[in-house]
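A.B. asks: With chain U fixed as given, assemble chain H onto it according to the hints.
Chain order of the listed sequences is U and H.
Sequential numbering from 942 applies to the first sequence in the working numbering.
Sequential numbering from 942 applies to the second sequence in the working numbering.
Check before you lean on any hint, since a few could be wrong.
The list cannot tell twin chains apart, which means a pair is met if one copy fits it or any two copies do.
Claimed, not checked - In silico lysine to any residue, SDA-like type, Cα no more than 20 angstroms apart, as pairs: (1) 1019 <-> 1074; (2) 1102 <-> 1077; (3) 1058 <-> 1100; (4) 1058 <-> 1079; (5) 1019 <-> 1067; (6) 1225 <-> 1249; (7) 943 <-> 989; (8) 1032 <-> 1210; (9) 1102 <-> 1076; (10) 1225 <-> 1243; (11) 1019 <-> 1145; (12) 1032 <-> 1206; (13) 1058 <-> 1145; (14) 1019 <-> 1075; (15) 1032 <-> 945; (16) 1032 <-> 1057.
It is worth saying that the hints were derived from the structure and are not from the lab.
Protein chains: 2
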Amino acid sequence: MKTQNTIAIHGGAGTILRSKLTPEKEKAYRKALHNTIVEGAKILKKGGTAIDAVTEAVHCMEDIELFNAGKGSVFTAKGIHEMDASIMCGKSLNTGAVAGISTISNPIELAKIVMEKSQHMFFVGAGAIAFAKEHGIKEIDPNYFFNQHRFDQWKRVAGSKTAQLDHSDRVDEDKSGTVGAVAIDQYGNLAAATSTGGMTNKQQGRVGDSPIIGAGTYANNNTCAVSCTGHGEYFMRTVLAHRVSCLMELCQLSLEEACQRAIYEDLQSLGGSGGLIAVDTTGKVSFVFNSEGMYRAVKIGEQAIQTGIWRTMT
Amino acid sequence: MKTQNTIAIHGGAGTILRSKLTPEKEKAYRKALHNTIVEGAKILKKGGTAIDAVTEAVHCMEDIELFNAGKGSVFTAKGIHEMDASIMCGKSLNTGAVAGISTISNPIELAKIVMEKSQHMFFVGAGAIAFAKEHGIKEIDPNYFFNQHRFDQWKRVAGSKTAQLDHSDRVDEDKSGTVGAVAIDQYGNLAAATSTGGMTNKQQGRVGDSPIIGAGTYANNNTCAVSCTGHGEYFMRTVLAHRVSCLMELCQLSLEEACQRAIYEDLQSLGGSGGLIAVDTTGKVSFVFNSEGMYRAVKIGEQAIQTGIWRTMT
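If we strip away everything but chain U, and leave its shape as in the complex, we get (with noise of 0.2 angstroms):
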């Protein structure tokens, strides 16, 4: 029998207030993960599996100035981009994982070479872009990150010793601070890919959850599929994406209540801030944040795509 597809995406949790979110930009977000919805779908639709339709979204949104990876990556303390990424496979549990890259214009792309063809998981750094030349990834000249605004973002906390995630009110309310997305193939194959450019003005050499397998990205056949945004290390000291998976398997919770129980407990009683997505091995979908709101977007098998920034889908 074959499973029912979903794929669900986030493009980060944060400080959205509505007063502060113009019409207009609100078109562009819902528009910019609507077209991502669509791309990852098309992909489990032909029968593609869930591995390569997260990917996919994900190097979607890393090609979006929007999304705070990839292309719209934020400014380090240093006015670079520092970018990392993982993948994670619920059948085989293979990962993949890079961070602190500078010059890769799709990290989730590079992670997912790292699962397939390496027989190592994790490579920072100068060796993870090594790696990425020996499988074919050319370097892109750095311009290619630069964003006015992000700059501009960056210039008002650049020289202090505080970083910012993305949505912060002090930064900037309106963006966000990782994307990631999760599914499930009509194999009943569940996969989940993280993707991030970090803090604003983060100190060089920051690594936070994203890449970090059972923090910001962890995926199983037997439980679920989970992508975290937010507050990266808080997530690194709950080890929240494996948590939920835990919670699930070991509790006998559903996937709503795992997840609820992960960011109203055990993120929030630390005082982290953030949300994830997470589907389980019947293509149930959670969206949970503590935050003001998350970008995120969905579509279950034939069912019209939803987006939604704030409490409610719209």
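C.D. replies: Frame of chain U, contents of chain H only:
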């Protein structure tokens, strides 16, 4: 009421064949393990914290060439050293981690300073070194890490695409892969710390489980403190240290049951090999490994120090 102090350490798990370990070598390992426990236990006895005790124990092992961490680190494919370390406090769930660092004598001290002084949690490569300098940790001449035995070990596989666990019989049977410590102090607080030089001939930028919170290191005052050693990629895919904690918390397994299940079911079902040390909130200790041996030692309260290499402690 005071909790009974306990500290346990490992110096790596792997194919440690009795036939290959000369009596002199065995004696040297047991002495190193014994001396390390003495230093860690001293801190606990005088009222120090579990965090300070595990840091001291790992620091000691980083200074001993027998172990693959700090001074005794193996060579990468590029003929240099790239070290990783992490630490976690079970009370606050605060953590610090560093990866891909080549010029710091004691990576565990740097991980501890990241935990204590940074708003971030995980630094890699040049950013980790910059952070170290900012906090008064000096870079060291890379020659400090030169060791003829390690160099010969590397030369046997250099130029090939294969990375080797330090204990692999294709490299050398009598060497371990990682060092780690777990402890509980008189205040009932747990801590875990792990440090490694990685795999002989590993590719540039490869990061394993040692600096990954949830994979190689985890501590939580509600459950246990865990430090892992073995084929890192498998510990990352199984999020093994966090898995032990979840099995205890969510399934009410004892420490020993949880460790056995994590190693013999979760890890082994993927084909992974290695082991872990763990301590629970009552000061009970588990050493579980599916490899031939694991260098280890423990001191519980006022009891005599025990050291072990193969199945039974002696």
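A.B. asks: Which of the numbered hints are not met once you compare them with the structure shown?
C.D. replies: Those not satisfied: there are none.
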